[in-house]
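Visitor: One line per chain: the protein sequences are A and B, in this order.
The number in the numbering used here is simply the position in the first sequence, starting from 1, with 1 added.
The number in the numbering used here is simply the position in the second sequence, starting from 1, with 436 added.
Note that these hints are calculated values from the structure, not bench results.
Backbone N, C-alpha and C define an ideal beta-carbon position, used for all residues, glycine too.
Treat each hint with caution, since some may be false.
Quick look at which bits of chain B chain A covers, simulated, 3 or more residues with Cβ under 8 Å [stated by the list, open to error]:
#1 478-491
#2 540-549
Straight line, CA to CA, 25 Å or less: simulated DSS-like cross-link-like pairs of lysine-lysine [said to hold, decoys possible]:
#3 A:K70 to A:K23
#4 A:K104 to B:K493
#5 A:K59 to A:K78
#6 B:K493 to B:K453
#7 B:K467 to A:K50
#8 A:K70 to A:K50
#9 A:K70 to A:K104
#10 A:K104 to B:K467
#11 A:K104 to A:K50
Letter by letter, the chains look like this.
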Amino acid sequence: AQSVAQPEDQVNVAEGNPLTVKCTYSVSGNPYLFWYVQYPNRGLQFLLKYITGDNLVKGSYGFEAEFNKSQTSFHLKKPSALVSDSALYFCAVRDIRMDSSYKLIFGSGTRLLVRP
Amino acid sequence: EADIYQTPRYLVIGTGKKITLECSQTMGHDKMYWYQQDPGMELHLIHYSYGVNSTEKGDLSSESTVSRIRTEHFPLTLESARPSHTSQYLCASSSNRQGGTGELFFGEGSRLTVL
Numbered sequence: 002a003q004s005v006a007q008p009e010d011q012v013n014v015a016e017g018n019p020l021t022v023k024c025t026y027s028v029s030g031n032p033y034l035f036w037y038v039q040y041p042n043r044g045l046q047f048l049l050k051y052i053t054g055d056n057l058v059k060g061s062y063g064f065e066a067e068f069n070k071s072q073t074s075f076h077l078k079k080p081s082a083l084v085s086d087s088a089l090y091f092c093a094v095r096d097i098r099m100d101s102s103y104k105l106i107f108g109s110g111t112r113l114l115v116r117p
Numbered sequence: 437e438a439d440i441y442q443t444p445r446y447l448v449i450g451t452g453k454k455i456t457l458e459c460s461q462t463m464g465h466d467k468m469y470w471y472q473q474d475p476g477m478e479l480h481l482i483h484y485s486y487g488v489n490s491t492e493k494g495d496l497s498s499e500s501t502v503s504r505i506r507t508e509h510f511p512l513t514l515e516s517a518r519p520s521h522t523s524q525y526l527c528a529s530s531s532n533r534q535g536g537t538g539e540l541f542f543g544e545g546s547r548l549t550v551l
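Produce the entire structure from the sequences given, and follow the hints as far as they go.
Guide: This is the structure we're talking about:
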């Protein structure tokens with residue numbers, strides 16, 4: 002069965018400092034991995050995805066994520082946080098062997114709070 | 437740029453009323469989804485559709501129903517709303533392109549409050 006875990010309900014970081022939002026996954030085959038961001042009273046916005054190839058994926062708004070197969074992790078990172086990065090972040094996985102199912106499995110979400 | 441629209445954005449209604457949340461996309465996607473998001477943030481898939489006249493129940497049981505008569509339209513209906521239905525409802529779609537990665541495009545959400 003597919004699953005994804007975001008172990009932190011909230012991450013606090015000072016503006017200008019690097020940030021990491023953690024995500025681990027479990028799939029039986031090779032994963033497609035995604036990060037989404039949600040601002041208050043809005044839908045989810047796509048940030049980046051890992052399909053294959055380079056383990057470091059660059060996305061929108063200066064975010065990047067590193068795929069680590071041995072640790073089954075896909076942590077979201079940014080070198081220098083902005084107050085405007087404060088939002089909810091969701092990790093999601095799709096097992097590419099399950100081609101009949103296009104459902105993404107979402108983590109429980111992590112609230113990022115960047116203080117000035 | 438994703439083109440998926442939800443109406444209404446906000447709805448406050450009384451118990452027992454019938455409501456329909458609209459979702460339309462102009463991208464020609466054949467796959468569409470409804471997620472319910474509780475105040476604790478988690479997303480729960482309640483319905484999905486892989487094409488016209490195809491609908492399936494999601495992972496979370498829901499008293500709502502959906503229909504897919506046209507590719508671009510995936511409305512969600514509650515026949516008799518109750519306070520327990522108070523939630524944010526998010527519609528999404530994904531590409532039907534062969535070998536597509538399955539990333540979802542989301543609407544802005546419909547926040548339903550049942551008094």
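Visitor: Tell me whether the statement that chain A covers the segment 540-549 of chain B is true, taking a Cβ distance below 8 Å and needing three residues at minimum.
Guide: holds (count 7)
Visitor: Between the alpha carbons of K70 of chain A and K50 of chain A, is the straight-line distance 25 Å or under?
Guide: 15 Å, holds
Visitor: Does K104 of chain A pair with K493 of chain B here, judged by a C-alpha cut-off of 25 Å?
Guide: 12 Å, holds
Visitor: Is the straight-line distance between the alpha-carbon of K70 of chain A and that of K104 of chain A 25 Å or less?
Guide: 21 Å, holds
Visitor: For the pair supplied as a hint, K467 of chain B and K50 of chain A, is the alpha-carbon distance within the 25 Å limit?
Guide: Status holds; Cα separation ~19 Å.
Visitor: Is the straight-line distance between the alpha-carbon of K104 of chain A and that of K467 of chain B 25 Å or less?
Guide: With Cα atoms ~9 Å apart, K104 of chain A and K467 of chain B stay inside 25 Å; holds.
Visitor: Can the restraint linking K59 of chain A and K78 of chain A be considered satisfied, given a maximum Cα separation of 25 Å?
Guide: 10 Å, holds
Visitor: For a C-alpha distance cap of 25 Å, please report whether K104 of chain A and K50 of chain A respect it.
Guide: Holds, at roughly 15 Å.
Visitor: Would you say the segment 478-491 of chain B counts as covered by chain A, given the rule of at least 3 residues with C-beta under 8 Å?
Guide: That given contact holds, which follows from 5 residues of the segment 478-491 of chain B lying within Cβ reach (below 8 Å) of chain A.
Visitor: Can you confirm whether the C-alpha distance between K70 of chain A and K23 of chain A stays at or below 25 Å?
Guide: The given pair, whose Cα atoms are some 14 Å apart, holds under the 25 Å limit.
Visitor: Would the pair K493 of chain B and K453 of chain B pass a check requiring their Cα atoms to be no farther apart than 25 Å?
Guide: Satisfied, since the Cα-Cα distance of roughly 23 Å is no more than 25 Å.
The structure meets every hint from the earlier list without exception.
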